Amino acid sequence: MKKLVVISFAALLLFTLFVVSGSAAGKNVTLTVLAAQDQLRDAEAKLAEKFTQKTGIKIDFQIIPSDQFDNLLATRLNTGECSDLFMGQSGALIIGPKYNVTKNCADLTGEPWVKKFDPTVLSAVTYNKKVYGCILWDVSNPWCFVYNKQIFNKLGITAPKTYADFKAACEKIKAAGIIPIFEPISDGWHHVLMFPEMGARLNELHPRLYDQLNQNKIKLADVPEAQKLLEQVLETYKYFGKNSFADTYADTSRAMATGQFAMTVRQPTYPVELV
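Residue numbering for the sequence shown follows this note's numbering, beginning at 1 and increasing consecutively.
There could be a bad hint or two in this list.
Below 20 Å or equal to it, Euclidean Cα-Cα: the simulated EDC-like pairs (lysine to aspartate or glutamate) are [unchecked claim]:
1) Lys103 <-> Asp70
2) Lys98 <-> Asp211
3) Lys54 <-> Glu81
4) Lys161 <-> Glu235
5) Lys54 <-> Asp42
6) Lys154 <-> Asp165
7) Lys242 <-> Glu171
8) Lys238 <-> Asp222
9) Lys242 <-> Asp187
10) Lys129 <-> Asp211
11) Lys161 <-> Glu171
12) Lys167 <-> Glu235
13) Lys103 <-> Glu81
14) Lys98 <-> Glu197
15) Lys98 <-> Asp84
16) Lys46 <-> Asp60
17) Lys149 <-> Asp165
18) Lys228 <-> Asp187
19) Lys129 <-> Asp118
20) Lys167 <-> Glu231
21) Lys149 <-> Glu273
22) Lys149 <-> Glu171
23) Lys167 <-> Glu197
24) Lys217 <-> Glu235
25) Lys103 <-> Asp84
26) Lys217 <-> Glu204
27) Lys58 <-> Asp70
28) Lys167 <-> Glu225
29) Lys50 <-> Asp60
30) Lys161 <-> Glu197
31) Lys130 <-> Asp107
32) Lys130 <-> Asp211
33) Lys228 <-> Glu273
34) Lys228 <-> Glu204
35) Lys98 <-> Asp70
36) Lys172 <-> Asp84
37) Lys58 <-> Glu44
38) Lys161 <-> Glu231
Keep in mind that the hints were calculated from the coordinates and are not lab data.
This structure is a prediction, so every number in the text was calculated from the model and none was measured.
Between the sequences and the hints, there should be enough to build the whole structure, so can you do that?
This is the structure in structure tokens:
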């Protein structure tokens, strides 16, 4: 049986997929959901309990350490032993080549909820004109550098507007004995965000870049701007601090609250959450 792929999982709407798809409620059904430890929130676990109370369908969360998730998911997909649902990343570069959704996942194009999505948002889970997932996290909340205003004000630093400004700020912060960037490399996914977040810009500079990459008509090495971006990402490594390979995403708030770090990559709303 093909699996549903859920992109950016949120429980209530996720379970609705099964209701509208005709799953048998109250008949000793258990649905398995594979997710990395950073992807499941307390609210979703509580929603799962309420869903079971209402429908009789049990939810079995299979939570995997973040740094092992990608490899385990790939293995299960390749062997045909994946969970009923799994959480993953969206985008044509991932759901096609990485998840092989045409083979492993259910075609959701005809589901009623699909029409409620903005076409631009829906494109992130669409492959060969078919919908294979449901985006449930806020797509208007991109990843970006957030910074400690007190540290910036104390050092006389204004928010960088260019890469040169960014490097200068990092150097000044480092000279003050503060680690410029908290980067939890140990989770295996967070440290790569700086590159894909610029994907839209790369595609703007090189129309149809995603399609050409998926069709093996071009390599990232052939795109000068992509090479420059990778070099800049590598250059930021020296600002991560000595323990970045051991730092965890779950520890971000504690680390930022200590004042030992000036910046981290999170959503724009993160400072509000931290307060």
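Structure-based check of each hint:
| no. | hint | verdict |
| --- | --- | --- |
| 1 | Lys103 <-> Asp70 | holds (18 Å) |
| 2 | Lys98 <-> Asp211 | holds (15 Å) |
| 3 | Lys54 <-> Glu81 | violated (28 Å) |
| 4 | Lys161 <-> Glu235 | holds (17 Å) |
| 5 | Lys54 <-> Asp42 | holds (19 Å) |
| 6 | Lys154 <-> Asp165 | holds (17 Å) |
| 7 | Lys242 <-> Glu171 | holds (16 Å) |
| 8 | Lys238 <-> Asp222 | violated (26 Å) |
| 9 | Lys242 <-> Asp187 | holds (16 Å) |
| 10 | Lys129 <-> Asp211 | holds (13 Å) |
| 11 | Lys161 <-> Glu171 | holds (16 Å) |
| 12 | Lys167 <-> Glu235 | holds (9 Å) |
| 13 | Lys103 <-> Glu81 | holds (13 Å) |
| 14 | Lys98 <-> Glu197 | holds (18 Å) |
| 15 | Lys98 <-> Asp84 | holds (18 Å) |
| 16 | Lys46 <-> Asp60 | holds (13 Å) |
| 17 | Lys149 <-> Asp165 | holds (16 Å) |
| 18 | Lys228 <-> Asp187 | violated (25 Å) |
| 19 | Lys129 <-> Asp118 | holds (15 Å) |
| 20 | Lys167 <-> Glu231 | holds (13 Å) |
| 21 | Lys149 <-> Glu273 | holds (15 Å) |
| 22 | Lys149 <-> Glu171 | holds (17 Å) |
| 23 | Lys167 <-> Glu197 | holds (19 Å) |
| 24 | Lys217 <-> Glu235 | violated (29 Å) |
| 25 | Lys103 <-> Asp84 | holds (14 Å) |
| 26 | Lys217 <-> Glu204 | holds (17 Å) |
| 27 | Lys58 <-> Asp70 | violated (25 Å) |
| 28 | Lys167 <-> Glu225 | holds (18 Å) |
| 29 | Lys50 <-> Asp60 | holds (14 Å) |
| 30 | Lys161 <-> Glu197 | holds (16 Å) |
| 31 | Lys130 <-> Asp107 | holds (6 Å) |
| 32 | Lys130 <-> Asp211 | holds (15 Å) |
| 33 | Lys228 <-> Glu273 | violated (33 Å) |
| 34 | Lys228 <-> Glu204 | holds (16 Å) |
| 35 | Lys98 <-> Asp70 | holds (10 Å) |
| 36 | Lys172 <-> Asp84 | violated (50 Å) |
| 37 | Lys58 <-> Glu44 | holds (14 Å) |
| 38 | Lys161 <-> Glu231 | holds (18 Å) |
Of the numbered hints listed earlier, those contradicted by the structure are 3, 8, 18, 24, 27, 33 and 36.
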